[in-house]
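**Q** Please take these sequences and the hints and turn them into a complete structure.
Quick note, my numbering runs 676 ahead of the 1-based positions in the sequence shown.
Heads up, a few of these hints could be off.
Stated by the list, open to error - Just the calculated beta-carbon pair ranges, DEER-fashion:
#1 Thr752 / Arg703: 17 to 27 Å
#2 Pro698 / Ser742: 32 to 42 Å
#3 Thr730 / Gly766: 27 to 37 Å
#4 Arg703 / Gln755: 21 to 31 Å
Said to hold, decoys possible - List of simulated lysine to aspartate or glutamate pairs, EDC-like, C-alpha gap at most 20 Å:
#5 Lys785 / Glu756
#6 Lys695 / Glu756
#7 Lys785 / Asp750
#8 Lys785 / Asp692
#9 Lys785 / Asp768
#10 Lys695 / Asp750
Source of the hints: derived by calculation from the structure; they are not laboratory data.
All residues carry an ideal CB built from backbone N, CA and C; glycine is no exception.
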Amino acid sequence: MPVYFNNTVNYGALSDALKAFPITNARLAAAPGFQTANSFPYPGTLPAVSANGTTNGIVWAVENSSPAVLPAFDATSLQELYNSNQAANGRDHFGSANKFITPMIVNGKVYVGVPNGVAVFGLIQ
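**A** This is the structure in structure tokens:
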């Protein structure tokens, strides 16, 4: 399932990179304008976008692995800003992923469904 933000469609196919396809004159580009450096294993990824209106867009995508990974990408370039494997001592690990999970963003937090609950990501106070 793709996600739309600022005249761009982001799509993460099976075992492929997350790709950003620009829309010009109501037409989707045949080739991506940007793509992530990493690829997403089966079943691909179902991205979501958080933003402040049309600025500061972040594309969130769950990587179905063990441990699962939640990366965040700049919506204008798909450069990685964060991933849940970066923190020391596995602080942001949230277990094995489940298939076909779309992150949900509400009030500055990112929620990810996992097999036995919900992982919540946000700023540490």
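**Q** For Lys785 and Asp750, compute the direct alpha-carbon distance and say whether it is at most 20 Å.
**A** holds (17 Å)
**Q** Is the hinted pair Lys785 and Asp768 satisfied, with a Cα-Cα distance of at most 20 Å?
**A** holds (13 Å)
**Q** So the hint says 21 to 31 Å: do the beta-carbon atoms of Arg703 and Gln755 match that?
**A** Holds, at about 25 Å.
**Q** Can the suggested window of 17 to 27 Å be confirmed for the beta-carbon pair Thr752 and Arg703?
**A** Taking Cβ atoms as reference, Thr752 and Arg703 lie about 20 Å apart, which means the hint holds.
**Q** For the pair supplied as a hint, Lys695 and Glu756, confirm whether the alpha-carbon distance does not exceed 20 Å.
**A** Holds - the C-alpha atoms of Glu756 and Lys695 are around 13 Å apart, at most 20 Å.
**Q** Could you tell me whether the CB distance from Thr730 to Gly766 stays inside 27 to 37 Å?
**A** Given about 35 Å between the Cβ atoms, the range holds.
**Q** Can you confirm whether the C-alpha distance between Lys695 and Asp750 stays at or below 20 Å?
**A** holds (12 Å)
**Q** Given the hint that Lys785 pairs with Asp692, test it: the Cα-Cα distance must not exceed 20 Å.
**A** Since the Cα atoms of Lys785 and Asp692 sit roughly 27 Å apart, the hinted pair is violated (cutoff 20 Å).
**Q** Taking the CB of Pro698 and the CB of Ser742, does the distance hold inside 32 to 42 Å?
**A** holds (34 Å)
**Q** Do the alpha carbons of Lys785 and Glu756 lie within 20 Å of each other, as the hint requires?
**A** Holds - the C-alpha atoms of Glu756 and Lys785 are around 18 Å apart, at most 20 Å.
When the structure is compared with the earlier hints, a violation turns up for hint 8 alone.
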